[in-house]
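**Q** Each chain, letter by letter, is given below.
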Amino acid sequence: MNARLEPLTDHSVAALMRQAEGHGSVMPVSRREFLTVSALAGGGMLVMLGTRGVAQAPPGGGPPGAPRPVQSLAPNAFIRIEPDGAIRILSARPDIGQGIKTSSAMTIAEELDADWSRVTVEQAPVDASIYGSQNVGGSRSTPMSWDPLRRCGATARALLVAAAAQSWGVPVPECRTAASVVTHVPSGRQLGYGELASRAAALPPPDPASLSLKPRSEYRIVGTPVASVDNRSIVTGMPLYAMDVRLPNLRYAALLRAPALRAIPVSGNYAEVKRLPGVRDVFTIEGAGNGGGEAIAAVAVIADSTWAAFTARNALKVQWDRSKASTDSWSQAGRRARELAKTRGSQVLRSDGDVNAAFASAQRTVEGFYSYPFLSHATLEPQVTTAWMHDGGIEMWAPAQTVDVARPWIAQLLGLPLEKVTVHLPRIGGGFGRRLMYDFMTEAALVAKRVDGPVKLVWSREDDLQYDYYRVGGFHALKGAVDAQGKLSAWQNHFISFSADGTSPASGGNMEPAEFPLGALANVHLSQTLLPLRTRTGPWRAPRSNGLAFPSQSFIHELAVAARRDHVEFLLELFAGMPQSSGQGLDPARAAAVIRLAAEKSGWGKKVPRGRGRGMAFYFSHAGHFAEVAEVSVDAQRKLTVHRVTVAGDIGLIVNPLGAEQQVQGSVIDGLSAMMGQRITFEGGAVQQTNFGDYPLLRIAATPVIDVHFVRSDAAPTGVGEPALPPLAPAVCNAIFAATGVRVRELPLSLAGYSA
Amino acid sequence: MLRLKINGREHVIEQTLDESTPLLWVLRDQLGLVGTKFGCGGGFCGACTVHINGAPTRSCQLRAADMADLEVTTIEGLAGPDGRLHPLQQAWIDHDVPQCGYCQAGQLMSAAALLREKPQPSDADIDAAMSGNLCRCGTYTRIRKAIHSAAAAGRRRT
Ligand code: FES
Ligand code: FES
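If you read the sequences in order, they're chains A and B. Each residue of the first sequence is one higher than the one before, starting from 48 at the first, in this note's numbering. Each residue of the second sequence is one higher than the one before, starting from 4 at the first, in this note's numbering.
Note that these hints are calculated values from the structure, not bench results. Beta carbons are placed, not taken as given, at the ideal position from N, Cα and C, and that holds for glycine.
Across the chosen pairs, the derived CB separations fall in these ranges:
no., chain 1, residue 1, chain 2, residue 2, range
1, B, ARG12, A, SER378, 53 to 59 Å
2, A, GLY270, B, ALA58, 40 to 46 Å
3, B, ASP128, A, GLY270, 33 to 39 Å
4, A, GLY90, B, PRO84, 33 to 39 Å
5, A, ALA569, B, ASP128, 53 to 59 Å
6, A, GLU319, B, GLY45, 21 to 27 Å
7, A, LYS686, B, SER23, 37 to 43 Å
8, A, THR374, B, ASP128, 48 to 54 Å
9, A, ALA799, B, ASP85, 51 to 57 Å
Facing chain A, a subset of chain B residues (Cβ under 7 Å, in silico):
no., residue
10, ASP21
11, CYS48
12, GLN92
13, ALA108
14, SER134
15, GLY141
Please work from the sequences and hints to get the whole structure.
**A** This is the structure:
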């Protein structure tokens, strides 16, 4: 395995696109994906895999009067087969650290039957002079999927085989491929892909129906561990990120945003701040847009350096009109939720069987009020965008994942035709959902309108924590019963969440009626109350499930304890009785398999070292089945040590085991980080946390041993960035109970005096 | 005017800067050495870690003006002048440490200082030396592994 990274020379996306379009024939490989094949000028073959897209509505509904969706042809990847046999796969889309670029290249190379040691996968650099004018909507919202990638590789392979057969004058079925070589089996003659590439590029495209894909037993690349292709440029400090963009005569901007949403700047010491050293301009910007592209009203400082911009911003004294401003209060919401918990909730989401009868005949009933806080994404690269109005258009560099939504919006905002909005997509310094929003692009566009030349809008960490689209907090008033046989016989949940409009739950604050374990039980009552909220919310790693798993999977354990049953046995019993189709793709057999695997690998049921406890939790989300066992101890000062986390997951076929293991390790650490001490609170509409001092991330010393196992599966691969996170918090809380007898029902743990 | 010695080279900054300007922003905005990252500006995350006369230090907490007579090493200067990677950089690649990668320059600078002090660090040494470097993506497991493996490679060489 030798996926190297090499510097780009002539690989500007624009140039490649021109070349790929030259050939004209567009072959569909799926409903949305297509391929074009063309000959390279100096010999060789260029294949472009792209998306035929219609821009989708932005998260949150999109700006009012947004332009009609555009048909676009967006390149996702280019495959160059050079005359010397080198194969270069260039990704036109940003990587946020989930390794999708590496696994996509592996999938293409597998069906191409490429010699992987001759494959390079390239990262497009930030440097504008090399990258050229990349006027594309790289669509991360529709990630390339397993089938189109395979068909892409298979199409190129079919052309190479046809070229070989033609030059030998032999029938295609007599030819085989392996490691970038076509062999005519009867005669033993061979030709390399490099020798065949120019000829292959001139052939008519194969009939998509005639393509045959490899059986999995013949995989030689997919399923092997491959390190991420960008590692070398990362460890040498190359400029890869939007934060690293540098341009001649670049100015820097910082914003003092409204202290509460919808507050408006009335007056301030702008003239005085404008006289500070290194400051070029100070002006107000009105709020604009909504949903994921909302710019909050602010005072902008333009300066010669980031530091001068930050310093001047901190010197601003602004009077705000708060008459229409948000007065959101987390403490009030908590008090209200505790009152509501005594009621059953008016809006019924699901009602099966008869919970009251089951409670009346129960052996034991248990009640618990659970809560979890708002969370920030806290990507380590703060939000940042460079924008430059020139030649009748705007050019932007942004850590953006939804460019196909953001571009038309920026065009509308500035009154520009779409083709006058150019967006460059550097590598992204962490996503977790934050970069699906493009508020920072709206802000940068509004700032750039007032600046002559390029301007880089940099968010401080404080800005980043205080103006996020937060993971929404929530409250669950749970009541459950076990019957005389020790079986879970009733489940009632009054879910108290938030809503911006009074009717629909805030982003990430909804509960599906089939959310596990609701589909597995006979007597269920699920109701909901929505509290008013103006604070912005949005998707956070494993949206919805990241909150819901903690109460439900802790409470299942509470009921297992009440029934004096083993937790694993109790869980498996739920799946044994569960119909296949009752849980949004949850497969009871796959669920039981990961639970058994986690139990086996963690030594479940065997003696734990003195003072330690083991806890289990299962969750199904984002098409992944995951069970996790945590082993913990707690000392007299409530210092919590998580010694080991055993993870068993089923995400279908694993394309890159090294990448998959890494995502699971990251999810476990992320989950632990959040549950230990993270919470966003707000009073009077203002977020109270300021930096990593009061919004702590887990440190290396607190990292447990993380033991990752995957169920061997032939099912199509599904994402691994999210589903390992939700079971972590309940597994740890169940382990705390096993170790100490203390039940945790409120996160983060620091509220009850726990420390890492 | 400010003179700085960075990665063995003399740099002259003609522009007059506010004397409070941290080294981090001089590196990034004035000199274009953007490998050193801005993560928090408050001394919490370690993304901005550089070496000052060999000692790992948070460049967001240092005034550039105070650095005049000191040797600054940044991530761009960690590999040898011939481009040969530091053993830790190689171990980072081999163990596939980075996820988003944003914290890794700071992680590497802290780890490099650790190995210079203690060529064969224990887990406790790693915990102590690396505790000031936050990783939002959770790459700690592999960071530990990569440090041990670079240390082992050093053992084999001597
Ligand atoms: S940026 Fe210096 S410690 Fe975070
Ligand atoms: S790799 Fe993303 S912050 Fe460390």
